[in-house]
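*Asks:* So the sequence lines, in the order shown, correspond to chains A and B.
All residue numbers for the first sequence refer to our numbering, where the first residue is 2 and numbers rise by one.
All residue numbers for the second sequence refer to our numbering, where the first residue is 2 and numbers rise by one.
These are computed hints drawn from the structure, not numbers from a lab.
Careful, some of the hints might be misleading.
[Claimed, not checked] From chain B, some residues computed to sit far from chain A (all C-beta separations above 12 Å):
#1 F353
#2 G375
#3 T422
#4 C477
[As the list claims (entries may be wrong)] Here are the computed lysine to aspartate or glutamate pairs in the EDC-like style, where the Cα-Cα straight-line distance is at most 20 Å:
#5 K102/B to D113/A
#6 K413/A to E386/A
#7 K102/A to D416/B
#8 K61/A to E92/B
#9 K117/B to E120/A
#10 K91/B to E188/A
#11 K117/B to E386/A
#12 K51/A to D57/B
#13 K117/A to E120/B
#14 K117/B to E160/A
#15 K102/A to E160/B
#16 K340/A to E92/B
#17 K117/A to E160/B
#18 K102/A to E92/B
#19 K137/A to D28/B
#20 K61/B to D342/A
#21 K91/B to D106/A
#22 K347/A to D342/B
#23 K102/B to D106/A
#24 K51/A to D58/B
Every residue gets a Cβ at the ideal spot worked out from N, C-alpha and C, and that includes glycine.
2 protein chains.
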Amino acid sequence: MAKELKDLTKRSVNYSQWYNELVVKADLAEQSAVRGCMVIKPYGYAIWEKMQRQLDDMFKETGHVNAYFPLLIPKSFLSREADHVEGFAKECAVVTHYRLKNAEDGSGVVVDPEAKLEEELIIRPTSETIIWNTYKNWIQSYRDLPILCNQWANVFRWEMRTRLFLRTAEFLWQEGHTAHETREEAEEETVKMLNVYSEFAEKYMAVPVVKGVKTASERFAGALDTYTIEAMMQDGKALQSGTSHFLGQNFAKAFDVKFVNRENQLEYVWATSWGVSTRLMGALIMTHSDDNGLVLPPALAPIQVVIVPIFKGEEQLAKIDERVNPIINKLKGMGVSVKYDNADNKRPGFKFADYELKGVPVRLVLGARDLENGTIEVMRRDTLEKTTHSIEGIEEYVKDLLDEMQQNIFKKAFDFRTAHTFEVDTYEEFKEKLDKGGFVLAHWDGTPETEAQIKEETKATIRCIPLDGDKTPGKCMVTGKPSKCRVVFARSY
Amino acid sequence: MAKELKDLTKRSVNYSQWYNELVVKADLAEQSAVRGCMVIKPYGYAIWEKMQRQLDDMFKETGHVNAYFPLLIPKSFLSREADHVEGFAKECAVVTHYRLKNAEDGSGVVVDPEAKLEEELIIRPTSETIIWNTYKNWIQSYRDLPILCNQWANVFRWEMRTRLFLRTAEFLWQEGHTAHETREEAEEETVKMLNVYSEFAEKYMAVPVVKGVKTASERFAGALDTYTIEAMMQDGKALQSGTSHFLGQNFAKAFDVKFVNRENQLEYVWATSWGVSTRLMGALIMTHSDDNGLVLPPALAPIQVVIVPIFKGEEQLAKIDERVNPIINKLKGMGVSVKYDNADNKRPGFKFADYELKGVPVRLVLGARDLENGTIEVMRRDTLEKTTHSIEGIEEYVKDLLDEMQQNIFKKAFDFRTAHTFEVDTYEEFKEKLDKGGFVLAHWDGTPETEAQIKEETKATIRCIPLDGDKTPGKCMVTGKPSKCRVVFARSY
């Protein structure tokens with residue numbers, strides 16, 4: 002696989018192109034032969050696996066279990082919830098037949114018209130309908146509640162404009178679907194999972210997020226409330242990174258799921274759903290990476306440390322190998338993932354550029370002179386700083402450095418967001434700041450009309466009504482009507 | 002969820018019904034609203050997750066990486082490999098449209114005829130075609146080889162008769178797809194993965210398997226050789242539990258994947274593919290379970306030990322809790338998964354039956370009198386034996402017991418298979434033994450005609466030509482023609 006390491010477009014030249022090139026050059030993903038569907042390559046998938054493992058642990062710690070529901074959903078299920086069908090019908094892949102047959106002209110296979118389904122099936126765009134149809138049989142009494150299920154799955158939404166990880170027709174995700182006795186319990190669950198997402202984003206992805214509630218026009222189709230975490234990319238645009246929905250009794254009513262409550266009365270079940278997807282890969286890449294390639298937070302890097310020997314001939318290499326082996330073992334024992342790249346068919350300079358491109362957090366370089374001096378060169382990917390250290394104790398140094406880098410990468414993103422977050426009071430100032438890129442905190446009168454007008458005129462949407470922060474009332478920057486608090490506006494992915 | 006613990010059909014009365022009931026009663030899986038598609042319930046999925054984790058570790062130890070390829074495949078890809086299309090075209094779910102719209106009569110949604118795909122897409126029944134179309138771009142030179150990718154995914158085959166786990170339209174599986182420089186290397190890989198499967202089956206599932214090669218008529222569609230592991234169920238039928246295919250250059254030719262070899266010549270790439278699926282759940286259930294419910298090997302049991310207190314009133318319970326907590330902590334520290342069921346809304350007898358049904362390997366029971374005596378009751382699920390032990394040191398005892406049970410469960414299955422494996426020399430004897438149930442080792446002349454005749458007359462198929470064991474030549478039991486060695490016949494799932 003030939004690499005073109007040097008000609009990565011600079012962010013300042015074309016941010017969007019930089020992203021598209023980086024995803025491909027760093028071997029994360031590529032377009033497939035099927036429109037809008039991506040191939041997630043091994044290196045990209047290894048990062049996703051680390052995300053999955055961590056999230057899955059967090060779901061289980063909060064009492065959830067995994068299950069699996071069908072890929073295909075009867076078309077009629079979609080119609081049961083009015084908002085839901087409105088939101089998803091226009092992007093459904095539809096299965097109409099169940100067999101192919103040989104073409105009569107021998108040109109290949111054609112759809113067998115005799116194998117037509119009585120009712121068409123859609124590939125799940127999300128699974129509320131099939132899951133609530135299943136829950137109907139699981140729930141009779143309050144004793145059967147809560148149900149706290151999660152599913153890791155692929156879903157499909159026929160998107161017209163796609164971009165690797167950010168918007169693809171097929172994507173991988175997890176979707177939690179919970180069922181509760183009371184409104185309060187369901188609302189608590191919704192917020193609890195939002196907090197799990199925000200903790201994951203900040204602690205593991207090193208991506209600072211704003212937690213908030215979506216306005217009615219940005220809600221999930223079928224939800225009473227949608228909570229979101231919003232991250233800021235380096236071009237100042239917002240990326241919705243995870244959502245948690247309070248579904249009220251909408252799906253219970255649509256699928257007639259009632260239970261006998263503690264007062265012995267029949268009542269509809271309360272629901273939540275929540276999900277994050279391979280879109281997080283996009284957030285991770287765009288938040289931290291630079292003109293040399295990926296920058297990965299150590300917590301999610303498949304390779305945390307790469308060791309590259311500088312040698313001439315097998316004898317020199319053998320000596321370096323001998324010195325490096327105990328370092329590798331010790332690092333592995335400390336839970337650090339290490340790769341020793343002593344291949345002799347690539348030059349060190351090529352290796353350096355390749356591991357930089359792939360965002361390996363720490364690079365250790367050891368040559369013949371280092372061996373004599375008892376030293377080793379350390380390069381940290383986040384700042385590209387190179388320093389020389391004693392080989393003695395290098396393992397502890399590296400372990401501490403990885404922790405420091407995790408903090409530093411987060412701080413850098415946090416400081417960037419702070420520097421690109423603006424409070425404005427007039428619509429004029431709003432437009433001005435918006436064009437610079439970033440989050441703009443402004444007062445809004447709470448009406449969908451004003452929201453739509455702002456979107457139409459500036460392409461900015463309300464990313465969320467933030468949960469934390471200043472709650473001082475004010476006046477809408479457009480209409481002058483009263484506003485309960487500032488909301489977060491931004492252009493977005 | 003109401004449980005009907007008592008009325009599980011006995012194996013001796015109706016083995017097939019026993020299986021169907023057990024899968025549902027033990028909360029492993031159930032039918033969904035979509036024909037042939039199952040819901041894997043949390044308890045069943047927890048077992049599958051343990052299998053996945055273990056297999057994934059074994060794949061990685063043998064140098065493989067995970068990736069993800071598209072769910073949908075262009076219809077025309079299937080036609081590229083002649084045998085492949087023959088094998089899969091008749092069971093493909095076909096996507097023909099990408100949008101629904103509201104019905105004009107307001108009755109719901111209908112397929113939008115204007116959103117018809119130019120080329121229909123099929124839901125992957127297996128991914129050789131889409132993956133080899135992708136590999137084409139990854140491979141130029143021998144330096145790009147080998148490629149050792151695995152994918153965890155859902156696949157879809159429109160089956161007419163389905164049974165939970167054993168044969169479902171949608172199932173979960175992993176599919177390895179590797180690309181190699183030489184025939185030898187690809188053949189080695191095929192056998193290596195067969196050995197990984199057999200090690201997994203025997204060591205973790207405690208299911209003894211026969212390793213062998215399929216006859217031409219039972220080969221994977223597009224393979225030059227299919228290797229298999231075959232397990233014997235308690236009704237004497239065979240269950241194909243995993244397959245590893247040597248694909249030769251068939252898919253490389255179909256998708257024009259050539260590489261520059263070490264002699265600087267263009268050559269087609271050599272391929273393998275290999276997979277196991279949620280069908281393994283069926284093998285696990287049917288090999289070990291009994292008339293009281295599931296029997297799970299400790300290595301794959303989501304809950305290895307359940308502790309049930311016998312108490313009257315909160316005061317007694319508090320004392321038992323106090324004594325049990327350090328036991329739980331110590332067991333967890335030893336890597337044993339423990340559940341303490343001190344719920345007071347279910348009687349001990351109900352709990353006992355429920356955990357038996359669910360196959361929890363070890364049950365510990367502790368009552369007020371035990372506390373006084375410093376004793377605890379231990380029940381092992383494989384033999385249903387109850388014994389009393391000192392509380393002191395119970396953790397080590399349980400840990401050893403789990404290891405012993407893992408061995409014992411395997412031995413029981415192994416002995417069963419030995420007792421139901423027969424060598425026969427005449428066709429008459431063959432039919433007689435076959436009706437008793439089991440594997441019949443007999444000579445066969447190597448022709449598809451004789452194989453077909455035997456299948457037609459007895460419903461037995463050649464499960465495999467075994468790799469290990471007696472290789473003495475002989476004469477075909479049907480035609481009297483020469484035979485290289487005995488092959489394994491059985492009726493099968």
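*Asks:* With d taken as the least Cβ-Cβ distance between G375/B and chain A, does d exceed 12 Å?
*Replies:* holds (34 Å)
*Asks:* Checking one constraint from the list: CA of K91/B to CA of D106/A, max 20 Å. Satisfied?
*Replies:* Given pair K91/B, D106/A holds - Cα atoms ~18 Å apart, limit 20 Å.
*Asks:* Would you check the hint for K340/A and E92/B, treating anything up to 20 Å between C-alpha atoms as holding?
*Replies:* violated (44 Å)
*Asks:* Does T422/B really sit off the interface, with its C-beta more than 12 Å from all C-beta atoms of chain A?
*Replies:* holds (35 Å)
*Asks:* If you draw a straight line from the CA of K117/B to the CA of E160/A, is it 20 Å or shorter?
*Replies:* holds (15 Å)
*Asks:* Please verify whether K117/A and E160/B have alpha carbons no more than 20 Å apart.
*Replies:* holds (15 Å)
*Asks:* Assess, step by step, whether the Cα of K61/A is no farther than 20 Å from the Cα of E92/B, and give holds or violated.
*Replies:* violated (37 Å)
*Asks:* Are the Cα positions of K117/B and E386/A separated by 20 Å at most?
*Replies:* violated (55 Å)
*Asks:* With the threshold set at 20 Å, check whether the alpha-carbon distance from K61/B to D342/A stays at or below it.
*Replies:* holds (18 Å)
*Asks:* Would you check the hint for K102/A and D416/B, treating anything up to 20 Å between C-alpha atoms as holding?
*Replies:* violated (46 Å)
*Asks:* Take a quick look at whether K102/B and D106/A sit within 20 Å of each other, Cα to Cα.
*Replies:* Answer violated: K102/B to D106/A is near 34 Å, above 20 Å.
*Asks:* What's the verdict on K413/A and E386/A, does the C-alpha distance respect the 20 Å limit or exceed it?
*Replies:* Holds, at roughly 15 Å.
Going through the hint list in order, the structure does not satisfy hints 5, 7, 8, 10, 11, 16, 22, 23.
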